[in-house]
Amino acid sequence: MIKLIRRNLLRNKRRTFLTMASLAMALFILSLLGVVNDAMSFADDSAMPDRLVVRNAISLTFPLPEAYEQRLRTIDNVVSVTPQNWFQGVYKDQRPENFFPRFTIDPATFRSVFYDLEWNEEEWEAFAAQRTAFAAGRELTEIQGWSLGDTITIKGDIYPIDVELQLRAIYDFDEPGQERQIFFHRRYVEEAMGNPGQNGTYWLLLDDPEAAPAVIAAAEAMFENSDNQVRAETAEAFAASFTEMLGNIRFFFSMIGLAIVISIFLITANTMAMAARERTTEVSVLRTLGFRRNQVLGMVIGESLAVGVLGAALGVGFTAVAIQGATPFLDQMGFGFGGFALDVQVLATAVAIGIAVGLLSGVFPAVAAARLKIVDGLRRL
Amino acid sequence: MAETVVQLRDVTKNYRRDAFELKVLQGITLDVEAGDYVALMGPSGSGKSTLLNLLAGIDQPTSGELIVAGQQVSRLGESKLALWRQRHIGFIFQFYNLIPVLTAYENVELPLTLRKSSRAARRKRVETALSVVGLQNRMKHYPRQLSGGQEQRVAIARAIVTDPTLLLADEPTGDLDAESGGEVLDLLGQLNEQFNKTILMVTHDPKAAARAKRLVRLDKGRLVASAPGGGTGA
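As given, the protein sequences belong to chains A and B, one line each in that order. For the first sequence, the working numbering assigns the number 35 to the initial residue and increments by one for each residue that follows. For the second sequence, the working numbering assigns the number 16 to the initial residue and increments by one for each residue that follows.
Some hints here could point you the wrong way.
Listed next, the stretches of chain A that the computed footprint assigns to chain B, with coverage defined by at least 3 CB atoms under 8 Å from CB atoms of chain B [to be verified]: (1) 37-50; (2) 319-325.
Label-pair ranges, simulated between beta-carbon atoms [stated by the list, open to error]: (3) B:Tyr157 <-> A:Met308: 20 to 26 Å; (4) B:Leu91 <-> A:Leu52: 41 to 47 Å; (5) A:Ile36 <-> B:Gly42: 19 to 25 Å; (6) B:Gly42 <-> A:Ile389: 21 to 27 Å.
Just so you know, these hints were derived from the structure itself, not from any lab. Just so it is clear, the structure is predicted and the values come from calculations on it, not from any experiment. Glycine included, C-beta positions come from ideal geometry on N, C-alpha and C.
Using the sequences plus the hints, can you model the full thing?
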């Protein structure tokens, strides 16, 4: 039986190869989408449950007064508060490889909230003491080829100023992607802008994550009657809202993936149906020789399953090889600032889909072949 | 006295086509004894192939009793029928119907793969069957590499490899030239004479029918004559 399946697969080599190749290509694209999707959900995974973000209720593009920091500090269960601002700007040029997140921070309070970044104390001190200093993640310094003491210029766009910064500290973080950003002094920008006394966001560290709902309610209530009402949310919800701002790309990618799976299922099912239909007489001959219905069923399903398994293996193998080469390019696209990595779960899903497509696409022609009356099949000569 | 291999009693077969009912076989009563060689003749549409299909257990009679190799065929379920066919029926098609992706050896081996037997035992039987049909030197050839006559001989080897009780041949020379057809008929005669195989052959060709021991004629679904044939089988 296995010999017959193998020979039947090789009967029309071009068709078998093209079917497998189309399945492999579809699974490759699917895996790639999975990797990108995973990278975009990275921010959610790294967000700590004990941190809250407070921002302007209208939009992130509207700032909050500097004075809010002190008032937020007075809310129960709030251990520490630190401001953080999205500077954006342009480093060198607009090419993707030169894009990385740039934040302005207050070194006096930053580490009390973002306690999970790892620093060399001397470097940190040097960074905190120099107003024009910047700190960068180790991965970014390796990508950009920066060393301590190097100077870079960021041309402002949101802020109409150019900042010249010197690298004074390099931090480590155990989550990929989080080492691809820089921090520098908000005071530097404030002074250059004429001290407007504003911040984009305030980050709050709580002593008890369970207290988050109460702190959120208190923060929002605190500024309810002010000119700048606030929206407070967990860091996780804040990160998720960024993904939503990307136009729900993850949902879009999932839909593309689903469309690919359905298309490839229909193509494979049609090919398998054609292959089975061409052999109607042969199936009837086999049954005349004494083959039972379930043996015919197993033979046809076995063929399409083999196409599915081989296509999946090809697709996943191709993905494994290609993702290595594609990673730098995907990284530079900047989705979610996360790291693109080969994920076993994504590959396992692709293999499972390949097998399922192979199996399901063989079921209908197999049932049709098994149910066909022998005499009807023999008449189709 | 020879064992009766085929017993048909008042067998009818009707087909329904839309609102019409076609009476293909009507009241067929026929006995075939072990070692007999019967030629079944009749004009197109007389029901010859339908009768052969009933005997092979690949179609069911509408009414009547059909006993082949001691088994009431119409009472068998799908799975048991397949097993019964495997043990008792060797079928030779007009167009050979070899599996094109398998060699001559593998085609002949195919029915044996359904049984529990060792590879060595299978090999012995396949080689014997292929040597009976004179193709022991063509074992590794694919059907496309064989002539029509050789293909039909491989098909005969496939039909006899399980040593079935009854050999059914549906116009076995219908697609062959005179020389190849003659070789196939010689082979069938040899199987009947030397190996005492019971053969029932549908044919349009009077010369082929003349090789059988008995001639049965069908017309419009009825048995119109049964007479000794001109041949001794060989």
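*asked:* Quick check: does the Cβ-Cβ distance between leucine 91 of chain B and leucine 52 of chain A fall within 41 to 47 Å?
replied: The hinted range 41 to 47 Å holds for leucine 91 of chain B and leucine 52 of chain A, with Cβ atoms some 43 Å apart.
_Check of the stretch 37-50 of chain A against chain B for coverage (Cβ-Cβ below 8 Å, three residues minimum)_ = Result for this restraint: holds, n = 6.
_19 to 25 Å was suggested as the range; check whether the CB atoms of isoleucine 36 of chain A and glycine 42 of chain B agree with it._
violated (47 Å)
_Within 8 Å of chain B's CB atoms, at least three CB atoms from the stretch 319-325 of chain A: coverage verdict_ = As far as the stretch 319-325 of chain A goes, the hint holds, because 7 residues have Cβ atoms under 8 Å from chain B.
_Cβ distance range 20 to 26 Å for tyrosine 157 of chain B and methionine 308 of chain A, holds or violated_ = holds (22 Å)
*asked:* Can you tell me whether the CB distance of glycine 42 of chain B to isoleucine 389 of chain A sits inside 21 to 27 Å?
replied: With Cβ atoms ~55 Å apart, the hint is violated.
Violated hints, in rising order: 5 and 6; the structure is consistent with all others.
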